[in-house]
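Using the sequences and the hints, build the whole thing.
2 protein chains.
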Amino acid sequence: MIYELYYWPGIQGRGEFVRLALEEAAVEYLDVARLPKRDGMGVAAMMRLMAGAETAKPMFAPPFLKHGEVVIGQTANILHYLGPRLGLAPRAETERLWAHQLQLTIADLVNEVHDTHHPIATTLYYEEQKAPAVKRAADFRKNRLPKFLDYFEQVLNANAGRGNYMVGGRLSYVDLSVFQLLEGLRYGFPRAMSQLEPGYPGLIALHDRIAVRPRIAAYLQSKRRIAFNEDGIFRRYPELDR
Amino acid sequence: MIYELYYWPGIQGRGEFVRLALEEAAVEYLDVARLPKRDGMGVAAMMRLMAGAETAKPMFAPPFLKHGEVVIGQTANILHYLGPRLGLAPRAETERLWAHQLQLTIADLVNEVHDTHHPIATTLYYEEQKAPAVKRAADFRKNRLPKFLDYFEQVLNANAGRGNYMVGGRLSYVDLSVFQLLEGLRYGFPRAMSQLEPGYPGLIALHDRIAVRPRIAAYLQSKRRIAFNEDGIFRRYPELDR
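Each protein sequence line maps, in turn, to chains A and B.
Using the numbering used here, the first residue of the first sequence is number 8, and each one after it goes up by one.
Using the numbering used here, the first residue of the second sequence is number 8, and each one after it goes up by one.
These are calculated hints, taken from the structure and not from any lab test.
Hints should not be assumed to be uniformly reliable.
Because identical chains cannot be distinguished in the list, a pair is counted as satisfied if it fits within a single copy or across any two copies.
Stated by the list, open to error - For lysine-lysine, the following DSSO-like pairs were computed, each having C-alpha atoms within a straight-line distance of at most 27 Å:
#: 1; residue 1: K230; residue 2: K44
#: 2; residue 1: K154; residue 2: K137
#: 3; residue 1: K230; residue 2: K73
#: 4; residue 1: K149; residue 2: K137
#: 5; residue 1: K73; residue 2: K44
Printed below as a string of C-alpha cells:
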C-alpha cells in the first residue's frame, strides 16, 4: 500500500522529517501537494483531506500521512506509526516510546526555531515582528539551543558503544531527524552553530554518518529535496544570528 | 506496580493532564516532587531522575512518569503509555494514534498559551516582556485560540452520537485534557472565553460532563488539586485578556 504524504509544496518544514524516513526506507510514496492538480493532486487535494470530510478525522495542520484508510497527523506521530513499518524504530514498546519521546523533544526545538522569526504572530510578516524576533533569537542562541543540544549529546553518549545511534543498536528515524535538525540549524544560524559545534562531537559525527548513507546522499542531490528558504521553519536572517 | 509522577510541585502545568487521568482511573500514584525530602522524595529526587544517571534515559523536562523500570517523558507520550493501562484509550492501534494526535494538538495549544506571557524568553520575567506579550496575546485570542477551538469542536461533532466523546464511544484521556484546557483558558482569559464559549456548545457540554464525574469532582475539591496561579502555564494577567 503506497504512502501518501501531505505537506506544503514549497518548503522542507516539518514534512522533511517524514520524507527522510521514507527516503531512507526506499519505499514508494506520493508527495501529494507537489503533484499536478490535473491528476487530482496538489494543494487542493491536501486541503480537502485536511478538512476531514473524507475521513471523519479532520487534521489540524500538515503534515499528515495517508496509508490505505489510515490518516495520521502530527509529525512525531506519523514517524511513530511509520517507524516499525519502515524498519526505522525499535520493536519493544518502551523503546518505541523512548524514540517517540526524543522525536517530541526535537519537535519542541523545531517550534522554538520557528518562533525565533515569528515570536508575536504567524499572521504577521517577519518584518513586522523583527525587533522582538531579534530578542527571542538572542535568547534562543544563548540559552535554549545549547540546552537542547546538551540534552541530545547526553542521550547519544548514554547510548554509546552500540553503534553510536540515538536509540538502541541500529538506525532509527530519530537519527535522521537529528541530521535534519543540524542541517536546518546550520542554515539558519551559521555563526552560532560554528561556535557551538565543537561542543557536540557526537551529534556532528552522527550527522556526518547520516549524510553519506547512500539513499540519503542520493535524496539530498535529487530534485525531491527542496532547498532551505525563507518561507520555511529554518530561515537565514543574519540579524537573528549575531 | 505504583505509578510515580514527577512534576514541579507548585503548579498544575503540564503535569495536570497526567494527574487527571490517574485520578479518573483511581489508581494509586505518588506525586513525587510534592512528597517530603526526608522520605527520599521532593524536587531533589525529581532532578536526580531527570539527569538520567539512574536510567540511561535522561529526561529533557518534567513531567515524566516512572512505572517499575520504565521512565517516560513528554506529557502526551505519558498519556499514550497510560491510556490503555488505565482504560482511558481505545484499543485499536490507529484509534490510539488518533487520540494521541489530538493530545499532541492540545499540547501545541498549551505551548501557545505559555508563549502569550513569555513570547521572548523563559529566562526573563513576564514583566520584562510585557509589551510583546500583550501583542502576542491579542493575536492568540483573535486568531489562534478560535482556530484550535474550531478544530476541537469539529472533531467532537464528527464523532457525535457515540456518547459525545472526543474519540470513539467512551471516555478517554483526551476528554479529560479538553476539560483541563477549558478550565485553564477560563482562568487565564475569562473575558475572551466568555465571548467565545457560545460558539462551542459541544466542548462546553463535554467540559461540564467531566466536571461532575464523581472521581474528578472529588479530586477538584481535594488538596491534591493545586490552584491555578501565576507561576503556571495558564496565568491571569488582565492586560493579556483585553
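Hints, one by one, checked against the model:
1. Proximity of K230 to K44 under the C-alpha cut-off of 27 Å is restricted to the intra-copy arrangement: shortest distance 19 Å within a copy versus 58 Å between copies.
2. Within a single copy, K154 and K137 get their C-alpha atoms as close as 24 Å, and across copies as close as 25 Å, so both meet the 27 Å cut-off.
3. Within a single copy, K230 and K73 get their C-alpha atoms as close as 23 Å, which meets the 27 Å cut-off; across copies the closest is 45 Å, which misses it.
4. For the identical chains of this complex, K149 and K137 are neighbours both inside a copy (18 Å) and across copies (21 Å), given an alpha-carbon limit of 27 Å.
5. Taking the shortest alpha-carbon separations for K73 and K44, only the intra-copy value of 18 Å comes in at or below 27 Å, while the best inter-copy value is 50 Å.
Of the numbered hints stated above, none is contradicted by the structure.
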